[in-house]
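**Q** Letter by letter, the chains look like this.
Protein chains: 2
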Amino acid sequence: MTLPASLLDSLRTIFPGDALDSGDDALRLAARDHSRHAHRPDVVVHPATHAQVESLVRACREHRVPLTARGGGTSSTGASVPLAGGVVANFQRMDRIVRIAPDDRLAVVEPGVTNEALQQALAPHGFFWAPDPGSAPWCTVGGNLACNAGGPRALKYGATRDNVLGLRAVAGTGEGFIAGTQTTKDSTGYDLTRLLIGSEGTLALITGATLKLTPRPAAVRSLRATYRDTASAAQAVARIMAQPVTPAALEFMDALALKLARDHAPDADVPEAGALLLIEVDGTPETVRFAQDAVARAARGDGLLALDVAADASENTALWAARKALSFAQRAVTEHKINEDVVVPVSRLPELVAGAQALAAKHAVPLVCFGHAGNGNLHVNLLPRDVDEIERGYAMLPELFALVIALGGTLSGEHGIGVVKREYLPLALGESTLALMRSVKAAFDPDGVLNPGKVV
Amino acid sequence: MTLPASLLDSLRTIFPGDALDSGDDALRLAARDHSRHAHRPDVVVHPATHAQVESLVRACREHRVPLTARGGGTSSTGASVPLAGGVVANFQRMDRIVRIAPDDRLAVVEPGVTNEALQQALAPHGFFWAPDPGSAPWCTVGGNLACNAGGPRALKYGATRDNVLGLRAVAGTGEGFIAGTQTTKDSTGYDLTRLLIGSEGTLALITGATLKLTPRPAAVRSLRATYRDTASAAQAVARIMAQPVTPAALEFMDALALKLARDHAPDADVPEAGALLLIEVDGTPETVRFAQDAVARAARGDGLLALDVAADASENTALWAARKALSFAQRAVTEHKINEDVVVPVSRLPELVAGAQALAAKHAVPLVCFGHAGNGNLHVNLLPRDVDEIERGYAMLPELFALVIALGGTLSGEHGIGVVKREYLPLALGESTLALMRSVKAAFDPDGVLNPGKVV
Numbered sequence: 001m002t003l004p005a006s007l008l009d010s011l012r013t014i015f016p017g018d019a020l021d022s023g024d025d026a027l028r029l030a031a032r033d034h035s036r037h038a039h040r041p042d043v044v045v046h047p048a049t050h051a052q053v054e055s056l057v058r059a060c061r062e063h064r065v066p067l068t069a070r071g072g073g074t075s076s077t078g079a080s081v082p083l084a085g086g087v088v089a090n091f092q093r094m095d096r097i098v099r100i101a102p103d104d105r106l107a108v109v110e111p112g113v114t115n116e117a118l119q120q121a122l123a124p125h126g127f128f129w130a131p132d133p134g135s136a137p138w139c140t141v142g143g144n145l146a147c148n149a150g151g152p153r154a155l156k157y158g159a160t161r162d163n164v165l166g167l168r169a170v171a172g173t174g175e176g177f178i179a180g181t182q183t184t185k186d187s188t189g190y191d192l193t194r195l196l197i198g199s200e201g202t203l204a205l206i207t208g209a210t211l212k213l214t215p216r217p218a219a220v221r222s223l224r225a226t227y228r229d230t231a232s233a234a235q236a237v238a239r240i241m242a243q244p245v246t247p248a249a250l251e252f253m254d255a256l257a258l259k260l261a262r263d264h265a266p267d268a269d270v271p272e273a274g275a276l277l278l279i280e281v282d283g284t285p286e287t288v289r290f291a292q293d294a295v296a297r298a299a300r301g302d303g304l305l306a307l308d309v310a311a312d313a314s315e316n317t318a319l320w321a322a323r324k325a326l327s328f329a330q331r332a333v334t335e336h337k338i339n340e341d342v343v344v345p346v347s348r349l350p351e352l353v354a355g356a357q358a359l360a361a362k363h364a365v366p367l368v369c370f371g372h373a374g375n376g377n378l379h380v381n382l383l384p385r386d387v388d389e390i391e392r393g394y395a396m397l398p399e400l401f402a403l404v405i406a407l408g409g410t411l412s413g414e415h416g417i418g419v420v421k422r423e424y425l426p427l428a429l430g431e432s433t434l435a436l437m438r439s440v441k442a443a444f445d446p447d448g449v450l451n452p453g454k455v456v
Numbered sequence: 001m002t003l004p005a006s007l008l009d010s011l012r013t014i015f016p017g018d019a020l021d022s023g024d025d026a027l028r029l030a031a032r033d034h035s036r037h038a039h040r041p042d043v044v045v046h047p048a049t050h051a052q053v054e055s056l057v058r059a060c061r062e063h064r065v066p067l068t069a070r071g072g073g074t075s076s077t078g079a080s081v082p083l084a085g086g087v088v089a090n091f092q093r094m095d096r097i098v099r100i101a102p103d104d105r106l107a108v109v110e111p112g113v114t115n116e117a118l119q120q121a122l123a124p125h126g127f128f129w130a131p132d133p134g135s136a137p138w139c140t141v142g143g144n145l146a147c148n149a150g151g152p153r154a155l156k157y158g159a160t161r162d163n164v165l166g167l168r169a170v171a172g173t174g175e176g177f178i179a180g181t182q183t184t185k186d187s188t189g190y191d192l193t194r195l196l197i198g199s200e201g202t203l204a205l206i207t208g209a210t211l212k213l214t215p216r217p218a219a220v221r222s223l224r225a226t227y228r229d230t231a232s233a234a235q236a237v238a239r240i241m242a243q244p245v246t247p248a249a250l251e252f253m254d255a256l257a258l259k260l261a262r263d264h265a266p267d268a269d270v271p272e273a274g275a276l277l278l279i280e281v282d283g284t285p286e287t288v289r290f291a292q293d294a295v296a297r298a299a300r301g302d303g304l305l306a307l308d309v310a311a312d313a314s315e316n317t318a319l320w321a322a323r324k325a326l327s328f329a330q331r332a333v334t335e336h337k338i339n340e341d342v343v344v345p346v347s348r349l350p351e352l353v354a355g356a357q358a359l360a361a362k363h364a365v366p367l368v369c370f371g372h373a374g375n376g377n378l379h380v381n382l383l384p385r386d387v388d389e390i391e392r393g394y395a396m397l398p399e400l401f402a403l404v405i406a407l408g409g410t411l412s413g414e415h416g417i418g419v420v421k422r423e424y425l426p427l428a429l430g431e432s433t434l435a436l437m438r439s440v441k442a443a444f445d446p447d448g449v450l451n452p453g454k455v456v
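Chains as they are written, first to last, in the working numbering: chain P, 1 to 456; chain D, 1 to 456.
Think of the hints as simulated: they come from the structure by calculation, not from any bench. Take these hints with a grain of salt, some might be off.
Any copy, or any two copies together, can satisfy a pair, since identical chains are not distinguished.
[As the list claims (entries may be wrong)] Computed list of lysine-lysine pairs in DSS-like fashion (alpha-carbon distance at most 30 Å, straight line):
#	residue 1	residue 2
1	K441	K324
2	K337	K212
3	K212	K441
4	K156	K212
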């Protein structure tokens, strides 16, 4: 599309100087995220204030021009790709940490601050913000809010939606508004805060967030358990989750993930096994060993091959080496990883892993299963190495999603829907649920200006 | 109003036998909750199935007749009073616990089960559901969902909104739908689950809920700390909340609340002090004393008068006697308690208590402050003893709410808005936020059939 000249004039007034960029490099960068989708916008703007975002949304609405928000561009679902062109609002300059209030266990931030920069600013106060996605150094808090990001720590401390008190945003109507509170309890009207979290910039653009903070545990200890097969490991996960000490992380790797890590990091002491659990417990220096003992007791059982218990922080690191090696190992196999993010009830994990492996064999595509077992949230990653495998990989996805739904699970635990899973949404949600979601979209964004083609 | 004959015919078909009741006793009972509001419905129906609720909503919508859901009738905000008459749907017969799945840490229930019956069913499995309102023996899970109920335990374990995975419901359109999942992570479309929680039956009628369960701690210990004044106690609350051991409860009583408890329960060993904190920590038998020590360290500081640390469960009970005595003591003072439920950031508690006491003096109405200090959620209860004091009490409320908003707080932490706080909602929420809430209401309930006159 070509932007109307009067819109471009308005945008240049709202975003003077280099706050508006229509150069080739800027458009090329804003066309992509970490998905395989790409589409160039017509112009990129860099908001610095809430008022600018209000003017921006009004201008785009007036001209019915698509407007897509963008943070670090690390989405794996195409959520930040401007499918229909138009304007991309890059929030990375709106990156202030406005206030850290330890007494109230909250921080007020702008959406463009990276997750890692926030964590570093919180550390001296003895706090952290729970979401810990693998992309923390690059992804922004705004992006975390957009897709309801998680990470290993979500098991004990919750994902993004569980760790936000309030938001400031601009709806697709162009109206700025405040949702939620500065308090940890709130029964004052409808919960618009959590409605916006995970809505991927389709309802409103978030310009500020009041985040719930968690005190940093003084002591952290890891355990590593290997099992004969996936079923034994999954039973251990269920045992661990049924006892009172909730681990801070409970990560799973299947045999193929282990083999991959071993092949590509021969020095990392990656064990051979049917399945592996990496477990982290935390607490105070006095109590953490009791937590470790409780989880170790639950990890023991039929099919256990070996249980390693870290005595200190350096041993923690050694036990996690297999998991760390896996990211690099996948990249070494292929540049065309199809990154899935399904979630099932914990008790259905054995069926998910067995079913995914059967589908991979049927479609002849390499596949690894690993991830956040305590939440039933596995990354079922296809690793196609050539065009044929890529084609077969995408052909397999509908069967994988059908399996997940049949197991009582859903399409995404922490990456979101974006464009890549949008066509599968009717598998997970009934027509009446989708119709309500479309009505909610229309209530916030009556002209369909915000991030068209995503989620609903 | 008089119901159209054709609607009554439809209702009699949907609700045969005693599932429909238009007798005087039934209408009188359904007219009231624990607020001072009352209005008789024209008929009461007792749904037993989701399909009946779909038919019910469709019939009421067709005739544009108001429909108000009701559980145990313990709302203090008038949320379950059918202000405009019409139909009351009493869900108390829909009280099955459908499934308890310890491996998946979830329970599937119908909305009419009482909070207490649910907790009793969960206990043998080693789990509880976090919300623990004082009305647990009588209030239903559906009511807890409707007002986002909390209780002391919400401090560590969250309120209702933090402890629900998914819902089944019927929107005001008459369409049944499913929101959320059976999993603890979900980034699949808009979060309709948390939107319904706290919406007080104005968007949809909930017919089923998948609840997130928490393992029961094996050991619980209490502490009781008295302080010279409210400011010292509030500073202790901030210190406690800034260290890593989050208490399971952190309750506050002001000097007047203590005096009231002492006067009415002379045997309960209620201390004399400017303010009191009751603190509960939990963990395993091996770790609970470390948690107790950590909290005790944080409780000590300027203004501390005495710190009692329970050594066992019976001593726990003794320390909580003051708090237990308070409910009865308030009832002994007056039958006309004005039960408030405001919430401020924890650091603003001293200003809230001082400000509320100043307003009570100005308006010459007895007032006690107590409640969930760790969440900044205080019950600021007016205790008027005669018609003049009642009048002055209600006249004081707008000033109290203005104070709360000025302190960065909001109108309700766990009771909701209902009818009693509806007129004050514009104090807490800007016009643009209210407009969005009204749009959401219209999306779910286009003809305004569900619980008219409440919330927005």
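**Q** Hint compliance check: list the failing hint numbers for this structure, sorted ascending.
**A** Per hint list: 1 and 2 violated.
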